[in-house]
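> Chains as they are written, first to last, in the numbering used here: chain A, 1 to 136; chain B, 1 to 136; chain C, 1 to 136.
Hints listed in this document are in silico derivations from the structure and should not be mistaken for laboratory results.
The reader is advised that the hints may include incorrect statements.
Stated by the list, open to error - Distance condition first, Cα-Cα at most 20 Å in a straight line; then the derived SDA-like pairs of lysine to any residue:
| hint | chain 1 | residue 1 | chain 2 | residue 2 |
| --- | --- | --- | --- | --- |
| 1 | A | Lys67 | A | Ala53 |
| 2 | C | Lys33 | A | Ile2 |
| 3 | C | Lys41 | A | Lys41 |
| 4 | A | Lys41 | B | Asn105 |
As the list claims (entries may be wrong) - Partial list, derived from the structure: chain C residues whose beta carbon lies under 7 Å from chain B:
| hint | residue |
| --- | --- |
| 5 | Leu30 |
| 6 | Ala53 |
| 7 | Ser56 |
| 8 | Val57 |
| 9 | Arg58 |
| 10 | Thr63 |
| 11 | Phe64 |
| 12 | Asn66 |
| 13 | Asn105 |
| 14 | His106 |
| 15 | Trp113 |
None of these values were measured; they are calculated from a predicted model.
Just so it is clear, CB atoms sit at the ideal spot from N, CA and C, and this is done for glycine as well.
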Amino acid sequence: MIEQFEVALPSFRRGCHLITSLIEQHLPPLPQKGLLHILVKHTSAGITLNENADPSVRTDFETFLNKLVPENDPLYIHTYEGSDDISAHLKSSLIGAEITIPITNHRLNLGTWQGIYFCEFRNYGGSRRLVITIFS
Amino acid sequence: MIEQFEVALPSFRRGCHLITSLIEQHLPPLPQKGLLHILVKHTSAGITLNENADPSVRTDFETFLNKLVPENDPLYIHTYEGSDDISAHLKSSLIGAEITIPITNHRLNLGTWQGIYFCEFRNYGGSRRLVITIFS
Amino acid sequence: MIEQFEVALPSFRRGCHLITSLIEQHLPPLPQKGLLHILVKHTSAGITLNENADPSVRTDFETFLNKLVPENDPLYIHTYEGSDDISAHLKSSLIGAEITIPITNHRLNLGTWQGIYFCEFRNYGGSRRLVITIFS
């Protein structure tokens, strides 16, 4: 069986945000076994799994990613929308824009310390859309 | 239902290339709801989602990835096939070699600005093979 | 049909390790067509596809990732568990913690040179758990 729907995220400030609970609030009753797939329908945001406990991990993600993908490299040519334009696209493909998570016993089967991060790479990204697909 | 087949890509020059239309040309009629999975069967190429409009994004991808993964680090030991050998392997795991895309109303359900990038990381990679799996 | 189970990996030393055979030893008879999904239930390890032949690729992965994600950046704040703490989290999201592999003719349908890498990013990560889901 396949269930599929879209979710509009609220506007998040630039950075990585723990959205596990927010996602779970949108889910129907989950099957006994299956997979959940999430696509971010944008090219300047990302989704990944990482630590769900200490917010300092998300702070360090932002620090690190800004160093890894500098904003003002004079070699960039896709800079029409500002210095956060091409850097956001690059981060999106490094972190990825879609993930698949197993469902076991009617729950997302993540590790104890795993949560879902939504990463907003633009300064003002606005509301973002997800496609959620549940396979069982 | 599962449909599965392989596709041989034409030889692409080094860099990231928009292949959404090329992929769609190989697809059978898509189901009402489902998932499409694409695997690149190689370890020196990648596949990712990014901007489908302005080619300058793909140019900047090549510029950025060449800086992120320098070719001639004297610490590398896997350099038998030239300076683009280990760097191509590293890029492949940073960008990833497989993606999953939702299918909705018989079409790939990507964002307005999203397209499928095939990234050739070798100087002369030749034809590359994909495995495409459609779940519905 | 869905088959799903967990696998406890042995403790691996820090670095990337080829685990294709180890995974295959845990698999039931595979379907004629399908997908295999693997989740690493941890936020300081990763899983990816890369070259299955020459061990020097894995050595260069470790060299490269340690340069890409320096351990002792004074800007990091999540450093409670030592210098390999936040760097391991960052590497996990760059490499990714889950992959999907097509199944064809009762076998994993990887390229000739592709294998499954498990990457341990902590100095002493201990045993790690995977969730394996087979869709057919």
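> All the hints need checking, so say for each whether the structure fits it.
To see whether the hints hold, each was checked on the structure:
1. Only pairs whose Cα atoms come within 20 Å are accepted, and Lys67 (chain A) paired with Ala53 (chain A) is rejected, the gap being roughly 24 Å.
2. Of the supplied pair hints, the one linking Lys33 (chain C) and Ile2 (chain A) holds, its CA atoms being roughly 18 Å apart against a limit of 20 Å.
3. The straight-line distance between the Cα atoms of Lys41 (chain C) and Lys41 (chain A) is roughly 25 Å, outside the 20 Å bound, and the hint therefore fails.
4. A threshold of 20 Å between alpha carbons decides the hint, and for Lys41 (chain A) with Asn105 (chain B) the separation of about 16 Å falls inside it, so the pair holds.
5. The interface hint given for Leu30 (chain C) is violated, since its Cβ lies 13 Å from the closest Cβ of chain B, which is over the 7 Å cut-off.
6. Residue-level restraint check for Ala53 (chain C) is violated (minimum Cβ-Cβ distance to chain B is 9 Å; threshold 7 Å).
7. For Ser56 (chain C), the interface hint holds, the least distance from its beta-carbon to any beta-carbon of chain B being 4 Å, beneath 7 Å.
8. Interface hint status for Val57 (chain C): upheld, as the beta-carbon distance to the closest one in chain B is roughly 5 Å, under 7 Å.
9. Because the closest C-beta pair between Arg58 (chain C) and chain B is about 9 Å apart, greater than 7 Å, the hint is violated.
10. Taken as an interface hint, Thr63 (chain C) checks out: its beta carbon lies about 5 Å from the nearest beta carbon of chain B, inside 7 Å.
11. A distance limit of 7 Å between C-beta atoms decides the matter here; for Phe64 (chain C) the minimum to chain B is near 5 Å, and the interface restraint holds.
12. Residue-level restraint check for Asn66 (chain C) is violated (minimum Cβ-Cβ distance to chain B is 10 Å; threshold 7 Å).
13. Among the interface hints, the one on Asn105 (chain C) is violated; its C-beta lies about 10 Å from the nearest C-beta in chain B, farther than the 7 Å criterion.
14. Evaluation of the His106 (chain C) hint against chain B yields a violated restraint, the C-beta minimum of about 13 Å exceeding 7 Å.
15. The beta carbon of Trp113 (chain C) comes within 5 Å of a beta carbon in chain B, closer than 7 Å, and the hint placing it at the interface holds.
Hints 1, 3, 5, 6, 9, 12, 13 and 14, counting from the list given before, are not met by this structure.
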